[in-house]
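**Student:** Residue numbers (this note's numbering), protein chains in the order written: chain W, 451 to 627; chain B, 617 to 822.
Incorrect hints may appear among the rest.
Stated by the list, open to error - Taking beta-carbon pairs under 7 Å as the criterion, some of the chain B residues facing chain W (in silico):
{"#": "1", "residue": "Thr658"}
{"#": "2", "residue": "Ser659"}
{"#": "3", "residue": "Ala699"}
{"#": "4", "residue": "Val783"}
Keep in mind that the hints were calculated from the coordinates and are not lab data. These numbers were taken from a predicted model, which means no experiment stands behind them. Every residue gets a Cβ at the ideal spot worked out from N, C-alpha and C, and that includes glycine.
Next come the chains, spelled out residue by residue.
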Amino acid sequence: MNQLLALIRVFAYLSILTVGGGLAAFPEMRHLTVDVHKWLSFVQLIHLYSMGQVAPGPNMMMIVVIGQWAAGVPGAFVVLLAFFGPTAILAWMIGRLWKHLENWPWRTSIERGLSPVSIGLLLAGCLSLARGAVTGWMTALIAVLVLLLLLLTKLNPAWLVLAGAVVGGLAFGPVKL
Amino acid sequence: MPHKVMSDVVANLVSPPNTTTTSKPDVTILQIFLEFLLIGATSFGGGVVAYLRDGLVGKRGWINDQEFVEYLAISQTLPGLNATNMAVLVGDNLRGYLGSVVALIGICLPGGLLMSAAGAAYHASGNQPMVTAMLRGVAAAAIGLILATTIKLGKKSLAHAYDLVFVALTVYGVDKLHQSVPRVLVVVGLIAIFWYRPRKTKESVS
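Looking at chain W on its own, in the form it has when it is part of the complex (with noise of 0.2 Å):
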């Protein structure tokens, strides 16, 4: 029932940081997941967030399996209520007062100076995440090829990501070309 709560506290907050995206919550989650309440390794953290990249949907719903490995089944129902719960209402309700709004001058004066803070939150926390991805030469090799590919041409990246799967399992695994 703690975990419960505890889950329920700190995924609710992480849902208001994610202004721009679901990475700019990355350094909180990290902190809050892995130092305070330990409900995973940072090491474990990374591989969730980048299987949850290739996965379909938002990119975020790997929350649901620190949930279920915290507190089972109810876990992953309260982590992804509290997650996209309160962001969802508050949507709804901006929505519907944001296009009464449309004259109102400060409008655009909110969305030109939150998009640059909101890039910045993003790069943040891909350099959180970096950090315990990017190792050595090889893994950096990886993602500034992948980053490469990506800006240069319209492959899927979920090609890519796989690509870098097996590069990977080469690359580490046990088996030694």
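We have chain W; now place chain B onto it with these hints.
**Tutor:** Quick look at chain B alone, frame taken from chain W:
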């Protein structure tokens, strides 16, 4: 006057904003659920927003491009994932709050079930050397992927050189000063909003 504004706000919350325009296509709750379920199940490799555009604007014609871009701007400004915020906004536009609820469930369900299964499998075999090795590769590739997504988003939404200052301030605050995200969001966000505060244009002066 403030009372009037307040009652307008309340009235707006109670009735969907598009009740006056009757041009909305007749879409059933089930159709909304199934369309978002389909997008939730097929949008592999991130970039759900592109799949949403293809499905909602292109294939279904439920909303037009202008509405889509407007919803996207709201989704990016508010907390919450872009994909789920879009589901809520489009669902509400089509069939009110019930539309929001089924759109949200539809888009989350497939990925949630898949991750739940993947999490259980990882729990059982995550310590095997081969699995760890592959996940190291996946994590490295994911860094490239999210960096590419962030750069593409930045190219689209950042218009001025000073925007880069706000980006840098935010990164510095979170990553180097280890300030909590809400504190940075409020401080840098307010400065940036004030920087882009409404100004009187020449036309309105003359």
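**Student:** Hint by hint, note whether the structure agrees.
**Tutor:** Each hint, compared with the structure:
1. Thr658: At about 6 Å, which falls below the 7 Å cut-off, the nearest Cβ of chain W leaves the hint on Thr658 (chain B) intact, so it holds.
2. Ser659: Given a least distance of 5 Å, the restraint on Ser659 (chain B) holds.
3. Ala699: It holds, given that the least Cβ distance between Ala699 (chain B) and chain W is near 4 Å, below 7 Å.
4. Val783: holds (4 Å)
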